[in-house]
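All chains should be built: construct the whole structure from the sequences, respecting the hints.
Protein chains in written order, with the numbering used here: chain C, 30 to 374; chain L, 109 to 395; chain V, 3 to 286.
Derived from the structure by calculation, the hints contain no laboratory data. There's no promise every hint is true.
[What the hints assert, rightly or not] Here are the simulated PhoX-like cross-link-like pairs (lysine-lysine), alpha carbons at most 20 Å apart as the crow flies:
1. Lys99/V - Lys123/L
2. Lys122/C - Lys139/C
3. Lys136/C - Lys122/C
4. Lys210/L - Lys269/V
5. Lys122/C - Lys140/C
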Amino acid sequence: MSLEIDSVSKWFGAFAALDKVSLVGAEGEFLALLGPSGSGKTTLLRILAGLERPDAGVVRFNGEDLSGTSARDRRAGFVFQHYALFRHMTVAKNIAFGLEVRRGAEKLPKKEIAARVERLLALVQLDTLGGRYPAQLSGGQRQRVALARALAIEPRMLLLDEPFGALDAKVRRELRRWLRGLHAEMGLTTIFVTHDQEEALDLADRVVVMNNGRIEQVGAPADVYGRPANAFVYDFMGGANRLPCDVRGGVVTFGGFAASTGDHAPGPDRAALAYARAHDIRVAPEGQPGLPATVLAVFPAGGQPRVECRLGDGQVVEAAVRTGDPWPALGQRIALQPERVRVFE
Amino acid sequence: MTASAPIAQPKRWLKPSVLPGFGLTFGLTLLWLSVVVLIPLIALVIRPWEMGLERFIDLASRPRVVAALRLSFGTAAAAAAVNLVFGAIIAWVLVRTEFPGKRIIDAIVDLPFALPTAVAGIALAALYAPNGWIGALLDPLGIQVAYTPLGIFVALTFIGLPFVVRTVQPVLEDIDADLEDAAASLGASRLQTLARVIAPALAPALLTGFALAFARAVGEYGSVIFIAGNIPQVSEIAPLLIVIRLDEFDYAGAAAIGVFMLAVSFAVLLALNLTQRWARRATGNES
Amino acid sequence: MSGGGSLRGRRDPAPVRYTLIALTLLYLSLFIGLPLAAVFAEALREGWGEYLKAITDPDAIAAMQLTLLVAAIAVPVNVVFGVCAAWAIAKFDFAGKSLLVTLIDLPFSVSPVVSGLVYVLLYGANGWFGPVLDALGIKIIFTVTGLVLATMFVTFPFVARELIPLMQAQGRDEEEAALTLGAGGWQTFLRVTLPNIRWALLYGVLLCNARAMGEFGAVSVVSGHIRGQTNTMPLHVEILYNEYSFVAAFAVASLLALLALVTLVAKTLLEWRFRDDLAAVRRH
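Pasting the structure below:
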């Protein structure tokens, strides 16, 4: 147990940015704080760094209460969303900053600082760019400078606020891979904030889904995606269709078609809404059991061939077409068979 | 739902921040502002109450005072109006045309800000005196500038010159070229575009520039007194009358005029703020 | 300046353009070129000998020294105040902020004479604190202290108003980053904030200094015009002019005009070189 967040609350006026949030992070763990904007994830990250003070609750690191430790003394490597590089300093000076401001016994000789900067520049693959200014770098390069600067102080944990938010898709994927490698190599407890579920699922050991200042679910990526705890998490993970269903005796049916709910109990008998992802909905010919629908559009290209269709109540639903199944024509009437669903109370 | 009743947070006037130094810097700011600006101004503002409102009104409504105030406001308004027109033209030329030496012209517009007013005052007096470079030309035509209200107008035009230019210029630079092209593509003539697209966009800046030039001119002293002639009830401006009253140790008389002028300054400032707020709301962007 | 963006399609017809340019040049030479030329022409009317004699006159030199002294006090004080005010206003959120900004700008809209008047009402012989100060043997009005106070009043907003918009635009991120990297408050200010605002600060100092050295109305009221003691250069110009020593008056005035020109050149160079840094503040 290295990082412990214990019932932390933060209010901005009458707005609860964080509402009694508790979370434990293991030594060397890679955690993603995932949620929509305003969910409190950045506030939580800033509290960990000491940039905000919680109104209630405690943050501990290896059992030590951090409440009285200022941002300055916390040794939390923080990478800002827009990097916050010192614009008037070269890359090397930026990285050296945390070492140069040390006082007293911790002071390092100039040579030692220069050597460390060299090593860090090599680590972030910017060996030749130490003399450049931030304005002369690309977005991805700036990101890596910010990371090297945060690592220079030998932080106890690494905190990244939307680390890939300002980058284009290709650079983002490269950096993501690189960051995962770096984490594997250094084994530093790392927490990053993101609103991109794909990024969270790809990178993190565990994903913390947040909403309205609370934690909705914590779990391994496969768990959070495969077994969402509630409707919000399901929705936020993407690709959710909401389908009308009947729950009777613990069985969920759609027009006579019975779906699997895995280990998740659908609750008491009633008419309810089921959540299903496109690739879990099968397209069957008209007349078979299932929800009757009309095909609106077909998307045969791309990673996942799918169709868009309209239910009797006017709702638009996406469904996958399995390999081997015939492609329906536009306007054709079909039956939708949601094979795996979740029904929340 | 677990009872997480909002812990009633006291409404804080300061949003907490980890950055240090607020207490020190805010305290010093407030202290210094009070000592240098606020307390002295308050001392002036409550003078009329000390002396009694009746006496204040009496002092402020004597013919010589009324004449001075009327002259100050009248010439200031006239000078600001001239600068409104020429300021708009100069701003237009600086933004929309290219000619050799334009950058120097652009820089020189600020001279009235930088030149000490007394220097401007004696220079204008020398130019417009009957034997001066310009005065000698006007004298045969029977036009006398120096030592008349016309001289005051000239001096106030000089010191108000940069205000309209500098408020209009950046707004004009920001006007999207596409806007004019769009108007033209919709069949508007050049004049129609000017009147219906550009003029409304510039109106708040023009108004602001006018108000700033006016406010500056009303209180102006140094550049005026040398050229004005300073004849009571003819070419004696209000700030000069304050100085005269002070020389006579008539503090009450000086304060009465001072308070009146201060009130007008505030009114202009307030009107300006309201104009800017209105303009921001109308265009929907913070500038 | 219209650096970027072509003028294509926005050009006025040539005759209109030339008329406008001609009007501009005419207006500016009438109101700026001629007065400036007149200062130097009048100063040199009787040759360089008289000019040099006028500017090396003991009273003139005393006036120059006093002007430098007043500026040397008022400008640094305003720098400290301006940086403090900008730090508090730009880096923190608090209630009443816009009121504070308005109050800081206030001296801009007050007549210079009124700026002097308020100090006379406070510290003059018949003023609020006059009798008390008199009993203590402290004199403010008709002394250098009064000149400094009045100068500080009129130059009060210069530095602050250049820094506030720039520091607001720069935000707090860099300072917060410095804190997380272990820097203290002073280290953060000196190593991160100050380098980021240095050109705007210099710009503010430049304008503040020009006004401090050239101020006339406010100091005229509190000075008492004591030659060699409370006479700054602009006041000395007035005295000489009123004594009909025109050449001497214009000679001293020419020095002030040179100061104005140097200020303009430096200001323009700063604007050209550091356009981005000053973009936020160029809108006077």
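Discussion item. Lys122/C and Lys139/C were given as a pair; does the straight-line alpha-carbon distance stay at or below 20 Å?
Written reply: holds (12 Å)
Discussion item. Hint check: Lys210/L vs Lys269/V, CA-CA at most 20 Å. Holds or violated?
Written reply: Satisfied, since the Cα-Cα distance of roughly 16 Å is no more than 20 Å.
Worksheet item: Taking only the CA atoms, is the gap from Lys122/C to Lys140/C under or equal to 20 Å?
Response: holds (14 Å)
Worksheet item: Taking only the CA atoms, is the gap from Lys99/V to Lys123/L under or equal to 20 Å?
Response: holds (12 Å)
Fill in: Proposed proximity, Lys122/C with Lys136/C (alpha carbon, max 20 Å)
holds (16 Å)
Hint violations for this structure: none, all hints satisfied.
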